[in-house]
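Colleague: Residues per chain are reported as follows:
Number of protein chains: 2
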Amino acid sequence: MYIIMVYDINEKRVNRVLKIGRKYLDWMQNSVLEGEITVAKYEKLKMELLDIIKKDEDSIIFYILRTTRYSKREIIGQQKGGSKLII
Amino acid sequence: MYIIMVYDINEKRVNRVLKIGRKYLDWMQNSVLEGEITVAKYEKLKMELLDIIKKDEDSIIFYILRTTRYSKREIIGQQKGGSKLII
Numbered sequence: 001m002y003i004i005m006v007y008d009i010n011e012k013r014v015n016r017v018l019k020i021g022r023k024y025l026d027w028m029q030n031s032v033l034e035g036e037i038t039v040a041k042y043e044k045l046k047m048e049l050l051d052i053i054k055k056d057e058d059s060i061i062f063y064i065l066r067t068t069r070y071s072k073r074e075i076i077g078q079q080k081g082g083s084k085l086i087i
Numbered sequence: 001m002y003i004i005m006v007y008d009i010n011e012k013r014v015n016r017v018l019k020i021g022r023k024y025l026d027w028m029q030n031s032v033l034e035g036e037i038t039v040a041k042y043e044k045l046k047m048e049l050l051d052i053i054k055k056d057e058d059s060i061i062f063y064i065l066r067t068t069r070y071s072k073r074e075i076i077g078q079q080k081g082g083s084k085l086i087i
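In order, the protein sequence lines correspond to chains A and B.
This note's numbering puts the first sequence at residues 1 to 87.
This note's numbering puts the second sequence at residues 1 to 87.
I should point out that these hints are in silico values taken from the structure, not numbers from a laboratory.
Any given hint might turn out to be false.
Identical chains share a label here; the pair holds if one copy fits it or two copies do between them.
[Unchecked claim] The list that follows gives simulated cross-link-like pairs (lysine-lysine, DSBU-like), each with its CA atoms no further than 30 Å apart:
#: 1; residue 1: Lys54; residue 2: Lys72
#: 2; residue 1: Lys44; residue 2: Lys12
#: 3; residue 1: Lys54; residue 2: Lys41
Please work from the sequences and hints to get the whole structure.
Modeller: What follows is the structure, encoded as structure tokens:
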């Protein structure tokens, strides 16, 4: 499956969240990562993030695409990350 | 169709970008909006944003889902926006 992860994290914890995200996903732009991932690794990613975030201050949204057949990406302005774009 | 819009915009222009985004989409969390939109309105949204952003500094990514049948959203931590969640 393919996931898009967007996070809104207190600056005290944001670098740790980014570091974990990058172990599993590709950085796209500020606060956005995405990539192909297995269900097991996705569960691991969430567990690692739950260890760090404060649930009443931080927020992370995952968009989970079972297939990328019906999705596409369009970028306006600068393309920052995403060297391995697959959708 | 359904779009997710994530933006990384210089602070001088970020409020104007958010204001335009909110005319068409629902705010989800910092720098993320999403919603059902027609092709015509999506083109209008992009035109309005292109009038404001600086292409060498700012970046906006749109994820366009032709259908939401194969997608879902998971949130960890605080749910900030998204009162009208449909996926």
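Colleague: Which of the numbered hints are not met once you compare them with the structure shown?
Modeller: Failing hints: none at all.
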